[in-house]
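Chains as they are written, first to last, in my numbering: chain X, 363 to 672; chain U, 397 to 773.
Please note that a few of the clues may not be correct.
[Claimed, not checked] Below, in silico cross-link-like pairs of lysine to any residue (SDA-like), each with a Cα-Cα straight-line distance of 20 Å or less: (1) U/Lys418 - U/Ala644; (2) X/Lys665 - U/Leu421; (3) U/Lys549 - X/Leu645; (4) X/Lys374 - X/Asn498; (5) X/Lys665 - U/Ala759; (6) U/Lys445 - X/Leu644; (7) X/Lys374 - X/Pro500; (8) X/Lys537 - X/Asp547; (9) U/Lys445 - X/Leu645; (10) X/Lys453 - U/Lys549; (11) X/Lys453 - U/Lys445; (12) X/Lys665 - U/Leu570; (13) X/Lys453 - U/Leu752; (14) X/Lys665 - U/Ser754; (15) U/Lys549 - X/Gly480; (16) X/Lys453 - U/Asn641; (17) U/Lys445 - X/Thr478; (18) X/Lys665 - U/Lys549; (19) X/Lys555 - U/Leu752; (20) X/Lys483 - U/Leu752; (21) U/Lys445 - X/Arg658; (22) U/Lys549 - X/Asp547; (23) X/Lys665 - U/Trp753; (24) X/Lys453 - U/Asn422; (25) X/Lys665 - U/Asn641; (26) U/Lys549 - X/Asn664; (27) X/Lys453 - U/Pro732; (28) U/Lys549 - X/Leu644; (29) U/Lys549 - X/Ala648; (30) X/Lys453 - U/Trp753; (31) U/Lys549 - X/Ala661; (32) X/Lys453 - X/Phe667; (33) U/Lys549 - X/Arg658; (34) U/Lys549 - X/Lys374; (35) U/Lys549 - X/Thr651; (36) X/Lys665 - U/Lys418; (37) X/Lys453 - U/Ala644.
Derived from the structure by calculation, the hints contain no laboratory data.
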Amino acid sequence: MNKLFSFGVLVKILTTMIPFAAPFLYAAIGETFSQTSGVVNLGVDGIMLLSAYAAFYTVLHTGNLWLGLLVAALVGLLMGLLMSFISVTLKAEQGISGIGLYMFGLGLSSLLFETTIGTVKTVNGFQPVNIPWLGNIPVIGPILFQNSIPVYGAFLLVPIAWWVLEKTTLGLRIKAVGQNPAAADTLGISVDKMRYFSVCLGSTLAGLAGASLSIALVNLFQENLTAGMGFIAVALVYFGGWNPWGVLGGALLFSAANSFQLWVQVLGIKVPSDVAVMLPYLLTIAALTISVNRARQPAALNKPFERGES
Amino acid sequence: MPPKNASEGLLTRQRPGFDWSKLVLNLALPVGGVLVALLIGAIMLLALKANPIVAYSAMISGAAGSLSGVTQSLVKATPLLLVGLGICIAFRANVINIGGEGQITLGAIVATWFPLTFHTWPGWILIPVTLLLGFLAGAAWGFVPGILKARLKVNEILSTIMMNSIATQFMYLLIRGPMMDPAGVASGTFLAQSAALPRQAWLPRLVPQTMLHAGAIVAVVLAVAVYFFLWRTTIGYRIRAVGLNPDASRHSGINVPFYQALSLTLAGGFAGLAGAIEIMGVQHRLLDGITGGYGFTGIVAALLGSLHPLGVIPASILFGGLLVGANEMQRSVQVPSSLINVILGLVVLFVSGSALWSRRWAARRKSSENQEEQVEP
């Protein structure tokens, strides 16, 4: 136990915590857009899996990392179109259609992995970029300023998403269709169009989340690579109170719990390691229990909109 | 999903006589969904350079072409039916239980631990007690998200998913530690699995030389029981009322959170029973992958059965057959059986997407009924 709480281990936990927050951030910020418009997209994990595969396959065959990111984003966009068609146009129960999308993504990514790659291989993913001057600060430098570009991108996304949602007309419209779709409709805002846009944007970001995992962090693909990270990302949106800054706090907390359990395993500390593996999931339930900031919950969350129905 | 604006029919007046056109619609939409999903599956098979006709006939002959195929399909249908029954109860209360995997795991753990500990008990008492404990273990695992939803409004979809991961880790902890097979420890293989159950705890076989066990009968009997529970008892009526219209239920004095928690607990119980039966009838020991994905496939079976306990019977047999047939397909045309998961996902998407038509149809018929009533004085 003493080994665990030494300064060196703490630094190690912090150095994995920052990069591994990236997939949570992409996915959860994307889901924030989707949910703010009133659509719960539970298929995030399936989107992440399929995009992670697509990015990995592209990089394995072309070696072009940027092309890998682009392909992952496109796969995310296509999955988003499928989700919005089922949930917005066909007005399906969102909890169910999301699980369907998850099963589809999980199944298809496994199928494609087995038929086109077969065994677990690795690629040369995005390399850490040392930010001049800042990267040389002792301790903090290596933790914060020696990461890969997708990781920096994830953290940059937070203020951008906040600005779009809080300070632009676009953000106002997304909120309007999530809070009171009937009123937004009378004001001439197309509810369906805004929801399509938000779900597709969210799914594209979920695609980047998958790519950040398979071509920037672990640099491999295997069946069910995400192991439920997408669902945790959905929970983070509730935890963060539909606010990008809240989501950032949640993502860091979960990433910390995750790296804690990784290092406990690596160091081979037997007693807490079995329990530590459960920590991120226990923490998610605890977070859902205490996140009482429901005043911010979009009023029309989970409710399909049909004209003429109050 | 229970159509929200069909609530009037169920809550206030029941139409006399049997509603044939509703049955036809309830059959046509799911069957159509499965057919379209299989069609997309065929396109994927073509893309994978496999002949879809050969692949699908291998699937059919694998599932239905022999005694062992048919009984295997029924063996896989059994946990699907049990999980699906629980899903029916939960979804009827508008509570979405994604926690089947975890609840199955807990049922399996307890149904392994109990016979191994009380291995001297005779079978006639050991089997029913173990089945009951499996049910209770799953129910306890469903109760936690149920009470969290009732008391603290915790989203049950997310909490049940997290409970799945916790249950899986808990099982790993047990089969790598206290419950590891002593024979494996002694021989030094350290296989992550428990010891085999004592023989008298095994469920009796229905057909000699096959895997078909008595659990299948238990599942079918319970399907009828759940039908009577939901449509012929006060508690069942309240569960459905809560799902159809929580506001109206609250105003008529029904304790909505209580019935939501109850439905999730019962759903957990049925999944736990599925886990216990899988241990006692098929695997006879606890090992990794014991859930077989039934927690998710059971949801698909319940949706395809239009959330009707009796409809889940044919739906689970269909999916049991698909799962068995997929293995045969993998052998004959070398297409991974994970294709079946793609098809299952598409079925869920199509069936949930087609609910719009059944809703619109119900609304149209309601308005035409109102016109008829105006004509008749």
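### Query
What are the numbers of the hints the structure violates, in ascending order?
1, 2, 6, 9, 10, 11, 12, 15, 20, 21, 22, 27, 34, 36, 37
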